[in-house]
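Chemist: Sequence:
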Amino acid sequence: MHIVSTNIQDIEMHSQPKPTVAIRPCEEGDIAAITEIYRHAVLHGTASFEIEPPSVDTMIERRRALVAGGFPYLVAEVKGAVAGYAYAGAHRARPAYGATVEDSIYVDPERKGLGIGKALLLALIEDATARGFRQMVAVVGDSDNAASVGVHRAAGFEMTGTLKSVGWKHGRWLDIVLMQRPLGEADTTPRFKPEI
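Offset between the sequence shown (1-based) and the numbering used here: plus 384.
Quick caveat, the hints were computed from the structure, so don't treat them as lab data. Take the hints with a grain of salt, since some may be wrong.
In silico DSS-like links for lysine-lysine, alpha-carbon gap of 30 Å or less [stated by the list, open to error]:
1) Lys496 <-> Lys463
2) Lys553 <-> Lys496
3) Lys463 <-> Lys402
4) Lys502 <-> Lys553
5) Lys402 <-> Lys502
6) Lys548 <-> Lys496
7) Lys463 <-> Lys502
8) Lys496 <-> Lys402
9) Lys502 <-> Lys548
Quick list of the computed label-pair ranges, beta carbon to beta carbon [unchecked claim]:
10) Thr573 <-> His428: 38 to 46 Å
11) Glu411 <-> Ala474: 19 to 27 Å
12) Gly497 <-> Lys553: 19 to 27 Å
13) Ala530 <-> Trp552: 16 to 24 Å
C-beta: ideal position from N, C-alpha, C; glycine also.
Please take these sequences and the hints and turn them into a complete structure.
Modeler: Right, here's the structure in full:
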């Protein structure tokens with residue numbers, strides 16, 4: 385994965401000036417900042433169905449497991465500081481799901497609305513495709529999360545379903561929205577060449 389540097393104004397129109405964002409592979413030194421971003425999402429949002437924020441050590445182990453499994457894990461930097469992160473992990477554990485990944489994207493709450501989430505998602509799609517994955521699934525926590533649904537739609541995802549009232553957080557029932565996007569050759573060829 386190469387570093388991508390872009391001015392977010394090239395990606396999305398917005399009323400305030402867009403920062404220059406560098407998207408790069410996550411390093412272990414980024415995890416403290418990532419943990420803070422995720423902590424806010426867990427405590428105040430509905431994108432994650434976790435109730436208690438994990439520790440830095442837990443987040444380090446999660447990253448190590450994803451990287452060791454061959455999955456992409458990216459960060460967005462603005463002026464040298466982590467402004468968001470994204471990764472793709474296994475959609476399900478059973479082997480037949482091996483070509484399908486599920487994305488996760490979190491942005492620093494002070495930097496939302498600047499196109500950072502979209503830039504991360506586009507880079508994640510590119511990275512996952514280069515690694516040979518064929519489908520990407522988004523499980524959007526809370527059907528009211530119009531920003532996440534919109535970013536995924538803009539990146540080529542289609543709505544595939546809604547699971548009603550499957551989570552309880554912040555004193556209310558939450559739906560999840562399922563979205564999906566083909567990657568690379570998608571389902572036009574076998575994932576692995578058949579042995580002769």
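Chemist: It remains to establish, for every hint, whether it holds in the given structure.
Modeler: Results of checking the hints against the structure:
1. For the hint pairing Lys496 with Lys463, the CA-to-CA distance comes to about 16 Å; that is within 30 Å, so the pair holds.
2. Distance restraint check for Lys553 and Lys496: the Cα-Cα separation of roughly 22 Å lies within the 30 Å cut-off, and the hinted pair is therefore satisfied.
3. Among the hinted pairs, Lys463 with Lys402 is consistent with the structure: their alpha-carbon atoms are about 12 Å apart, no more than 30 Å.
4. Our distance criterion of 30 Å between C-alpha atoms is met by Lys502 and Lys553, whose separation comes to about 26 Å.
5. Taken as a hint, the Lys402 and Lys502 pair is honoured in the structure, with Cα atoms around 13 Å apart against an allowance of 30 Å.
6. A hinted pair counts as satisfied when its Cα atoms are at most 30 Å apart, and Lys548 with Lys496 qualifies at roughly 27 Å.
7. With a C-alpha separation of about 18 Å, the suggested pairing of Lys463 with Lys502 holds against the 30 Å cut-off.
8. Of the supplied pair hints, the one linking Lys496 and Lys402 holds, its CA atoms being roughly 11 Å apart against a limit of 30 Å.
9. Among the hinted pairs, Lys502 with Lys548 is consistent with the structure: their alpha-carbon atoms are about 26 Å apart, no more than 30 Å.
10. For the pair Thr573 and His428, the beta carbons lie near 43 Å from each other, so the given range of 38 to 46 Å is met.
11. About 22 Å separates the C-beta atoms of Glu411 and Ala474, a value consistent with the hinted range of 19 to 27 Å.
12. Distance hint for Gly497 and Lys553: a CB-CB separation of about 23 Å, consistent with the stated range 19 to 27 Å.
13. Range check, Ala530 to Trp552: Cβ separation about 21 Å, and the 16 to 24 Å hint holds.
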